[in-house]
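Counting in the UniProt record's numbering, the sequence shown runs from 1 upward without gaps.
The hints are simulated quantities; they were obtained by calculation from the structure and are not laboratory data. Incorrect hints may have been included.
[Claimed, not checked] Computed cross-link-like contacts, DSBU-like style, restricted to lysine-lysine with a CA-CA straight-line distance of at most 35 Å:
{"id": "1", "residue 1": "K130", "residue 2": "K147"}
{"id": "2", "residue 1": "K147", "residue 2": "K122"}
{"id": "3", "residue 1": "K130", "residue 2": "K116"}
{"id": "4", "residue 1": "K127", "residue 2": "K116"}
{"id": "5", "residue 1": "K126", "residue 2": "K116"}
{"id": "6", "residue 1": "K126", "residue 2": "K147"}
{"id": "7", "residue 1": "K131", "residue 2": "K147"}
{"id": "8", "residue 1": "K176", "residue 2": "K147"}
{"id": "9", "residue 1": "K131", "residue 2": "K116"}
{"id": "10", "residue 1": "K127", "residue 2": "K147"}
[As the list claims (entries may be wrong)] Label-pair ranges, simulated between beta-carbon atoms:
{"id": "11", "residue 1": "P39", "residue 2": "A69", "range": "47 to 53 Å"}
{"id": "12", "residue 1": "H85", "residue 2": "F23", "range": "29 to 35 Å"}
{"id": "13", "residue 1": "S86", "residue 2": "S135", "range": "54 to 60 Å"}
{"id": "14", "residue 1": "R177", "residue 2": "L48", "range": "17 to 23 Å"}
{"id": "15", "residue 1": "V31", "residue 2": "D119", "range": "34 to 40 Å"}
{"id": "16", "residue 1": "Q143", "residue 2": "I11", "range": "45 to 51 Å"}
{"id": "17", "residue 1": "S86", "residue 2": "D134", "range": "52 to 58 Å"}
{"id": "18", "residue 1": "N88", "residue 2": "V31", "range": "36 to 42 Å"}
{"id": "19", "residue 1": "Q148", "residue 2": "G15", "range": "33 to 39 Å"}
{"id": "20", "residue 1": "S139", "residue 2": "I12", "range": "46 to 52 Å"}
{"id": "21", "residue 1": "G154", "residue 2": "A7", "range": "20 to 26 Å"}
{"id": "22", "residue 1": "N88", "residue 2": "S135", "range": "49 to 55 Å"}
{"id": "23", "residue 1": "S139", "residue 2": "N88", "range": "16 to 22 Å"}
Even glycine gets a Cβ: it sits at the ideal position worked out from N, Cα and C.
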Amino acid sequence: MGFFSPAPYHIISYGFLLGTTFFHTFVGGIVSFRVLPRPQFSSLMSSLFPIYFTIQTALPLVLAITYPASQNPFGITGGITGFLHSSNRYSTFVPVTATFVSALANLAFVGPLTTKVMDERKLQEKKDGKKSWDSPPHSQEMQALNKQFGILHGVSSFLNLGTFIGSLVYGVTLSKRLS
């Protein structure tokens, strides 16, 4: 084993994935929202999300590549072959792939769309002379942008939760391999 074995990299990558997702979702994001003024919070999240979603997208790929082989000489091989083995379909392939797909959707589609709508709301705020979060009434344009932002934010949150749950499910599988 040791330095050239994929096993330590697999465990470390899993720890980074779960830890990053947990912290950003349940600690960092919430605390930032509570303590920062909304413009600064939006700026922070716009800067963090591409990095965060890239990490969430890359680490499941690392998990697949570093999938450790069975200790049994007649057991499942490691790496992509072991990751894709039919006996790992539901315990490994599905949760790790769900994690990857959820993160990729946020990185490539939902995140950029959400940022675009945020930028459109900033422009509309200048036109209306009123912040998007101020109490109503709002222009029809701002109402539409707020609704669109709410939907995209909900979808992004749902996808992020999918990444977190997929990571937890895979953690149970991984813990069974360690015992």
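These are the hints, each one checked on the structure:
| no. | hint | verdict |
| --- | --- | --- |
| 1 | K130 with K147 | 16 Å, holds |
| 2 | K147 with K122 | 14 Å, holds |
| 3 | K130 with K116 | 19 Å, holds |
| 4 | K127 with K116 | 17 Å, holds |
| 5 | K126 with K116 | 16 Å, holds |
| 6 | K126 with K147 | 18 Å, holds |
| 7 | K131 with K147 | 14 Å, holds |
| 8 | K176 with K147 | 44 Å, violated |
| 9 | K131 with K116 | 17 Å, holds |
| 10 | K127 with K147 | 18 Å, holds |
| 11 | P39 with A69: 47 to 53 Å | 51 Å, holds |
| 12 | H85 with F23: 29 to 35 Å | 32 Å, holds |
| 13 | S86 with S135: 54 to 60 Å | 57 Å, holds |
| 14 | R177 with L48: 17 to 23 Å | 32 Å, violated |
| 15 | V31 with D119: 34 to 40 Å | 25 Å, violated |
| 16 | Q143 with I11: 45 to 51 Å | 49 Å, holds |
| 17 | S86 with D134: 52 to 58 Å | 56 Å, holds |
| 18 | N88 with V31: 36 to 42 Å | 37 Å, holds |
| 19 | Q148 with G15: 33 to 39 Å | 36 Å, holds |
| 20 | S139 with I12: 46 to 52 Å | 50 Å, holds |
| 21 | G154 with A7: 20 to 26 Å | 38 Å, violated |
| 22 | N88 with S135: 49 to 55 Å | 53 Å, holds |
| 23 | S139 with N88: 16 to 22 Å | 53 Å, violated |
Of the numbered hints given earlier, the model fails hints 8, 14, 15, 21, 23; all others are met.
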